[in-house]
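These protein sequence lines map, in sequence, to chains G and P.
Residue numbering for the first sequence follows this note's numbering, starting at 1159 and increasing by one per position.
Residue numbering for the second sequence follows this note's numbering, starting at 12 and increasing by one per position.
No lab work stands behind these hints, which were simulated from the structure alone.
Treat the numbers as computed from the prediction; the structure is a model and nothing was measured.
C-beta: ideal position from N, C-alpha, C; glycine also.
Check before you lean on any hint, since a few could be wrong.
Covered, in the sense of this in silico footprint (three residues per stretch, anywhere, with C-beta under 8 angstroms from a C-beta of chain P), are these stretches of chain G [what the hints assert, rightly or not]:
#1 1259-1271
#2 1446-1460
#3 1612-1622
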Amino acid sequence: MKKSLLFMVVAIFILLLLTACGDNDNTGSGSIASEGSAPVTTAAPPEEIEDISIDVVDPYLTATITLGNWPPDTAPGAELALFEGFREIMRAQYPNVTVVPAFFSYTLANYLPMARGGTAPNLFQPPFTDPPLLISQGLVADVTDALAEFGILDKFSPSYIELLGDENGRIFGLPRDGYVLGMHINIDLFEEAGLIDEDGLPMVPRTLQEVAETGRIIREETGRAGLVFPASETFGGWLFTNIAWNFGATGENAIQSQDENGRWVANFTSEPMIEAMYYIRALRWEYDILNADATTTDWAGSHNILGTGQAAMNFAANDSVAEPTAGRGLPVESFALIPFPAGPGGAYALTGGTAFMFSPDTNHDQAMAVLGFLRIIGVLPFVDDDTVAAMRAGASAARDRGVPVLPPVPAWNDDEFIATQRAVADEFSNVDMRLFDDFFNSFTDGTITLRGEEPLFTQQMYRELTAAIQRIITRENADVLTALQQAQDRFQEFLDDEVNR
Amino acid sequence: MAKFKQHATSWFIMLPGIILFGFFLWVPLLQSVRMSFYRTRNIELVEFVGFDNFISIFNRHEFRQALVNTFSYTIWSILLGFLVPIFLALIIGETVRGKGFFRTVAYVPNVLPGLAAMILWRAFFSAESTGVINILLGHLGIGPMTFLTEANWVIPIIVLISTWRGAGATALIYMAGLAGINPELYEAATIDGAGIWKRIRYITAPAIFNLGSTLLILQIIAIFQIMYEPLVLTRGGPDNASISLMLLMWNYAFGGNMDFGRASAVAVITAVILLGFTVLYQIAQRRKVDWD
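Could you build the full structure based on these sequences and the hints that come with them?
Right, dumping it as structure tokens:
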């Protein structure tokens, strides 16, 4: 009897638990009808979306397209509603195209098996570090003809043609947006540490030395980390490269170079690299401003730490401002974005971006349909009423869910399109631009020099540099030169194996 | 023909199992061996290169480090993890009331999905002030400690977590073994004045020796293939201090270069080492039987 009773109680408890889990508030009036596996949302799409034309664009184009990076069920209602709104417009403009949402967020590890197995979404969004590898491995579709037919091929800047094309001039994707590395700021912690000037603005660092000093004040006054430094996997090396540039690891001290025989050489033991690593060491052992879990913190983790007020500064870019704010709950008014701090050897900032690419089995019609959808959402370089309405809808939804609405870092060679993007960002701005102007002005007025990534096997290079950083920040007596020499030898081994033999 | 007819039903029953076994196990295994001798373009074979992949990885520091670490995992696993299930089985076996409850509690960690369990432990061992263990230590007046960022401690901690997860299931097997011991032996030993340690030494230990040997070799095989634990907890860091052979294989394949040839070579080397362990075990077993 006792056992039966216990069994019943447990069963009811599990049932209640499952019921609670299943109740995600997806019912009720105002729902947007959907097909396929798309979530149903109760939020209404922004009213700006109604300005997009629903006239038929191509009644004959017939295709089914799977679109990655569709907002998942757990995304904010405003974002889900926006995408559902776009899908309705797609259905009207291309009546014979079926859009299948895919909650797929690209990583190399998860894309490869899907691409090989024929289940990758037609559209996905890799960072600019990956297209050369994906193209060389035959893991993406050639969309040159579709881009030409759509009339956007001539708006590619030459550097993007090089990045997204092969040696035969074929193109395999298009740019989504660009990024410039800078620094995210949690203003609340600056305020708590008394680092606010007479204008009410945070006294943010301009140089790497000031980062150390500001971080120390924040640590002393708040007990929180001054700087979150993601030093797991490859992230530490990625950020370190930019720091090293600003210590002078460019030109004759470049981190990678070719000698007179054409052999690729790693140069991790130059004076600027050593000084940069001593700087990292000082951040940990002298100023003690780093987060304690640096060696296990990744990119997402760093945003988490800044957004939840466990650290005041984070080396991060303009394309990830949604992470600490809407993603982690930091109010937009408590957030700032500043230029990458200068060093004794210069003021450089890494620039990169995100691409739209196509799974290898995507055919011409599917590519055309995907481009049609990208035009609807306002990311292709057209300046017409529909595109402006889509941009306004996107900005409105971003504002509604607490993302800082900022000017773009241009991805297209089209002044009119860029001006339109800026105008929309101005119209929907939800931030005090004094907290962002320095960042956006720095690379237009020349205060900062933009640099792309080092030329060869950057992920492997970052991995080796990250290991060196991990050694330096976990062992107080670790020798900087030895760590860098070891990393250099290891990466040189790799280069010799892969390109110099 | 008559013989075939006699066994046809048996073969027919086994056929689905054999097909599935071949498709999901033997074909990938043989493909992996084949791939290790080729230069690859993701999973396509491009060019036969003989032992080049093997020579190349033997020359790489990360392979040597991963090999050493994997043996370190194994040794720590034997030190920390081998006796725990035996003690658990003995304690639960001796429990008079609530035996079922304790058996369930011991087994529950095994039911948790592996990745979820590791994410949970990462939150526990976080070096930040928000780490669960650091919060508890804070209540005791002890400052935050770094755990997974310490090169010397990272492998024992990962092994400890693996032991927490796997010990319950192994304990159940030991309990089944212990249940097979004739209770009269214990009664006779007790009458002869044998205490608990003598009973364990002269009755329990010999009775579960063969079972223990088998489970030990299985434990070595399992820990030699450790991957997702360091992948989730440390990504192989700090400074490659926790990288294992299988994690290195993952890094080669998915870490940015799609080098499936070298990844397969690491897998083959790991398999050869494990084969060596198994052969040694078989030889030891045969000698023991001969000696008996």
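Going down the list of hints, with the structure as the test:
Check on the stretch 1259-1271 of chain G: 3 of its residues sit with their Cβ under 8 angstroms from a Cβ of chain P, so the three-residue criterion for coverage holds. Under a criterion of three residues with beta carbons nearer than 8 angstroms to beta carbons of chain P, the stated coverage of the stretch 1446-1460 of chain G is upheld, 7 such residues being counted. With 4 residues having a beta carbon nearer than 8 angstroms to a beta carbon of chain P, the stretch 1612-1622 of chain G meets the requirement of three or more and the stated coverage holds.
In this structure, every one of the numbered hints holds.
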